[in-house]
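**Q** Residues per chain are reported as follows:
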Amino acid sequence: MTVQTDVAGARTPQLRRSVKPWGSFAWGYSDVGADIFVGLGLVLGAAAGASNIAFLFAGLVYVCIGLAYTELAATYPVAGGGQYFVLRGLGDIFGFIAGWAVLLDFTIDITLFAWSCVDYLSQLVPQLLTVPHPVTHFVVVLMLICGLCLLNVIGIRESTAFNGIVSGLDVVSETAILFFGFFFAFNPQLLIHTMQTSWPSTFQLMNGVSLAIISFVGLESISQAAQETQRPASIIPRTSISLILTILIFALSYSNLALGMQPWSGHGAPPPPMVHGHLQPLWAYLGSSENNGKAVAVLASYVPFYGALAALYVPLLGSVLLLISSNSGVFGSSRIAYAMSSSKLLPSFFQRVHGRFRTPAVSILAFTAVAIVELIFAALPGLNAHAAMIYRKFFHGEDGITFLGDLYAFGAATSYSFVFIALIALRLFDPLSPRKFKIPLNIPMRVRGERVEFPVVAVIGFIGIGSILVFTMITHEIGRVAGPAWLICGLIGYLIYRRSRGLPIFRSQPRNWRIAQLEILRTSGELELMDEYVNNLRESERRRDEARQP
Amino acid sequence: MNQARFVFSFIYVALGIAIIVRLLHFGLHRELFGGVALGAVLIAFGVYRLAFYLRMRAQS
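Keeping their order, the protein sequence lines are chains A and B.
First residue of the first sequence? That's -9 in the numbering used here, and the numbers climb one at a time after it.
First residue of the second sequence? That's 5 in the numbering used here, and the numbers climb one at a time after it.
Any given hint might turn out to be false.
Residues from chain A that face chain B, not an exhaustive set, calculated with beta carbons under 7 Å [stated by the list, open to error]:
| id | residue |
| --- | --- |
| 1 | N42 |
| 2 | L46 |
| 3 | F172 |
| 4 | N177 |
| 5 | P178 |
| 6 | I182 |
| 7 | L242 |
| 8 | N246 |
For the record, the hints were derived by calculation from the structure and aren't laboratory data.
Yeah, the Cβ is synthetic: ideal placement off N, Cα and C, and Gly gets one too.
Let the sequences and hints guide you as you build the complete structure.
**A** Here it is in structure tokens:
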């Protein structure tokens, strides 16, 4: 942290801009890159022979989301992420809804990734397996979450260098799996056969697509790191596009490999894929409830030759990456809550910092508590037979990880939908802010006398993510109840808080976004863009004066 | 570091081409569309990175 003097002369702490291109990539990768470790098994279990199509559809929507985030994070490099863009584009109440949905995602992030981290470790330590040892699994996940909470309260976080090393190792590892898998075990005929014989029903496909989107969640990290990135307007587009394509490649690779790979059966190969004594196709084995939490590690072990090595380190590497991602949930939720509290969308106690450690301890504790409640709901069917019966009766017997996946998909689809609308609104009503990166495919038009460009990709992305939100509501028994319930509870709290403080409830507080934008560009070191913005403002004023004159 | 990135980008392009050629060798089946899309994304990413690497080299 550095200390800078603000407008009033007070010295306020600011985040130091020390993140370079690889660091920016690593921050994003350590969050989004972990998603495929969770998503692969869930999607294979739901979409069966159409899993690669589910990933492709969700991947195309994700490209649109990624481009939207890239443009917005490069234009407004502040740590609020999606919540800030929506607040700025659509106003306070929508900013709150988007931020609250992101908060749901971050709390799920904590639980889901800690859960999966233990699942991956169970590949090496069988005592941690969920099915025969649900209590041990639950206790270890709980301890991990509490440990991360404690580390965040103390203020210890993994460094950019550590993220960089883990991300680099994972990119090399996944590329090696891809290389060996496609060259030595991939059989296009098997892919065709699997897709023809195991094509899912429309309901299952919709379920698969809605789960596939969770493999692409975490772009908030890029915006979160934007406030610490050097020259963000130049660096973010570069690293973001690499990140989007890398993640898309791995998701498509794993899904195609799972459907069309002949499991390795040579010397040193793992036991053949069997469930309850029956030989299974690889995709069905990976999607079964025994393996869906550690699908990437199991798949890697069946890659010819390289699998023997991969079986040893992929569970470990995966669990480290998942733990980083879980930690980013603790960190991200507290920072988003802090930012929302600063914008008067949440009560001021979320801004309270620990006297000794100077961290937002109240936010950290509050959202870790929410994550623990989610963990209890997810673990209940495994821990208690009566609870399992209730889940079977009302929620089609969803298991813990699917319960978390449901809510994760709901939160992501909701917040991303608002980000697309915010992008359109900001393009129309804030055309003067310089955009170093612009999504392609735009329609030029005039709004309030200014020349603007309407983003077609945002509309395509909104339709895509909107359909995923609809799929989530149709197919997810828990997601369609718990997700909207989370939003409604939040909105009631928001209304009570705003009313008690005498703040406008449905309207926004007056804010000077022009001064805010100048400050953002100044603190980010984008002085050329700041000059460009000042010139744009002057030009706009001149045009208005000319228009006013008779 | 830049050499490693260059090699990686090259591997991605080669892998993308190899996947597409191998899939198309089995004829035009709609089931192979996902695999062809993967090959195309691999090539696009590799070319994007290679172009960036060459641009940086030309500048320095």
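**Q** What hints, given by number in increasing order, does this structure fail?
**A** Number 4 only.
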